[in-house]
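A.B. asks: Listed below, chain by chain, are the residues.
Protein chains: 2
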Amino acid sequence: MKALEGIRVVDLGHVLAAPTCTMFLADLGAEVIHIEPAHGDDSREFGPFAGERDKNRSGYFVSLNRNKKSLVLDLKSDKGKQILTKLIKKSDVIVENYRPTTMKKLGFSWGAIKEINPRIVYASICGFGHDSLPGYDTRPAYDMVAQGYSGLMSITGPEGGPPCRVGSSVGDIIAGHQAAIGILAALINREKTGRGQHYDGSMVDGLFCMLENASVRYTLTGEIPCSLGSAHPSIVPFQAFRTKDEAWFIAAIGNDALWAKYCKVIEREDLTNDPRFRTNPLRTKNKTELIPVLDVEMAKKTRQEWSAIFDTAALPYSPINNMREICEDPHIKYRGMLVEIDQPRAGRMKIAGSPIHLSETPGKVYAPAPLLGEHSEEVLKDILGYSQEETDKLKKKGIINNEV
Amino acid sequence: MKALEGIRVVDLGHVLAAPTCTMFLADLGAEVIHIEPAHGDDSREFGPFAGERDKNRSGYFVSLNRNKKSLVLDLKSDKGKQILTKLIKKSDVIVENYRPTTMKKLGFSWGAIKEINPRIVYASICGFGHDSLPGYDTRPAYDMVAQGYSGLMSITGPEGGPPCRVGSSVGDIIAGHQAAIGILAALINREKTGRGQHYDGSMVDGLFCMLENASVRYTLTGEIPCSLGSAHPSIVPFQAFRTKDEAWFIAAIGNDALWAKYCKVIEREDLTNDPRFRTNPLRTKNKTELIPVLDVEMAKKTRQEWSAIFDTAALPYSPINNMREICEDPHIKYRGMLVEIDQPRAGRMKIAGSPIHLSETPGKVYAPAPLLGEHSEEVLKDILGYSQEETDKLKKKGIINNEV
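Chains as they are written, first to last, in my numbering: chain A, 112 to 515; chain B, 112 to 515.
Excised from the complex, chain A in its bound form (with noise of 0.2 Å):
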């Protein structure tokens, strides 16, 4: 039994963030049929790939697009349009992330998907939002553009120095999430209504809404905050420190009590009632005197003597894994969170798996990721009830392709 078993989901993603929602739902057992181009995904041409480069063998590509189908329609053609006609018609929910004029150019406005389908629940995720101010529909958008717009870059990065990007595109990431409880939320609705309806994601309004207090420390207080390193704005000492190994060790003193652990630890009980240190508050005024000596004290064990340390205590820590160790270790592993799996023409492969862990219906890596084209007829014919004449004629004049 899977959640989402009898869910048909129409995805004209690409990419990143249409297709990370998708992932969702495909995970959960939803139908998913990722509609490309003749050329592919554009993801398709992604590295790491396995073995030589090749639209399909892309390792950015098969993570996100395991349990997916794959049908190649020329949307451009009138016969590609009609056939993504039938399937809204046959389908409850249709995903893209083009920009906002390019489906209403191609005949395929929420106006019209709706007259369609009125049950189909439309999700369009753009930089933006369509409903937005004149020009902002047009305007090309990234993940580091809504990074950079929402404000998140510059509460990231070192102190005092440049803003960084977040290192993995939360952007298109967290708008795919969000995405996914519209989608679902519309689902729920619809056993009431019998109607669909559309959702207007946009990047810039899921990164910002998601700043944590940032925005509303300015509203309230007009402060601006801004990148503190690993640093916390308000708990000290709450950060990385270099260790003796030079690698980096997260000690995460979130109170007095575990500060009065921590000074022991450490072997500088002097520190635990220093005036300038004994509450919270003082030690994030003092900081800039705490943590010079703290660095020093930091730096005299290991990595991994300060894991033990800590264990033995319970003092909140962590190693700052890089993705080798948290690849290797057995924590991601027991978790089933890299799942193996045999990938047509690039061979076994590991991807990372599903956070969905629900008791009877988890979300999981059912299949492979499709071959470019891989389910065009078995589509058109198993969905749409084409005959394989007329599945073959539409593939001679390239408005399918199964090339495979």
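Don't read these hints as lab results, they were simulated from the structure. Take these hints with a grain of salt, some might be off.
Note that identical chains are pooled: a pair holds if it fits in a single copy or bridges any two copies.
[What the hints assert, rightly or not] The list that follows gives simulated cross-link-like pairs (lysine-lysine, DSS-like), each with its CA atoms no further than 27 Å apart:
1. Lys-225 - Lys-166
2. Lys-190 - Lys-398
3. Lys-398 - Lys-355
4. Lys-375 - Lys-166
5. Lys-475 - Lys-225
6. Lys-166 - Lys-396
7. Lys-215 - Lys-444
8. Lys-113 - Lys-396
9. Lys-113 - Lys-303
10. Lys-215 - Lys-508
11. Lys-303 - Lys-355
Here the structure of chain A is known, so what remains is to put chain B in place on it, guided by the hints.
C.D. replies: For chain B alone, coordinates are given in the frame of chain A:
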């Protein structure tokens, strides 16, 4: 009409991960009953405050708990446990973000919860997950621990510099999104089975699977991705530059056609076909030669001048907005992403709105955040059928509290 009308959620969350999850549910119309200890959710102590420091004036708490009800309940007392049991019987969802052992100690393991109400969906969110290797279930975890452990911090920060924390607590926030997805999928599944299930969320899992291609870069090639400041690993130029007015400006030149246009607007058409920079792979390879040249060019105009020029040329760009700039941004206002509310005790306050823009049942800020214990009596009388006399007695004994 609200999407989740009729869904009742027992929210045992505190601070960030579970409250983020239930914020989505409440914004979409679920009735969320936030159960707090007598001293309140810890985040009531987190700044900024509207006026003086006060449990009912925390901008942090208000941002996350708008639209919810507050029931102050002593879960350590038998009477308190009895009341929670009755609430579980009458609810659809229960969410918490304690350490994995806490609910068991209170007598509310998943086994016990589903015995009380087999239809309920139970979502737990913690650092490493309930189902985990020995030792991990008792390990204390803050957001920063998840950011460090998951690998995210190892790819965030200046190139060659120290690892940086993402400026907002994305470990909690992404886990909160994923829990909302899990809960909604489980509610859809319940329509078919009549049974609830347990969602076992982990902050480390949640971040690890959202590192884009970082994990597959390691698993496929053995390469260890590292931090790159504001730059993109495989697109050049795609980063922030310092402008004449010492602001930061992102130029996101995603392909060779944009490169040609870009060279034109910076008046360096000599670079377009320079054999070192002609294509993106060449620009990536010769980045250390190219970027200093562009640094010089980009420093010749102000951020505002570049914005106008890039706009006209339809080149992807963004200023790096600070929190003042984004909070005053007309587009954010137009999208309803900053909402003004009348918060009892605290006064008028601007908080971030909902990103779930659904055309018929949008996520919305319907009501302010609850005062501590504001709905204790109401919940007991209206939902559980207690008499005034009974609630008065429970108040006297300190089992519930309604001191607002």
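A.B. asks: Need the list of violated hint numbers for this structure, in ascending order.
C.D. replies: Hints 1, 2, 4, 8 and 11 not satisfied by this model.
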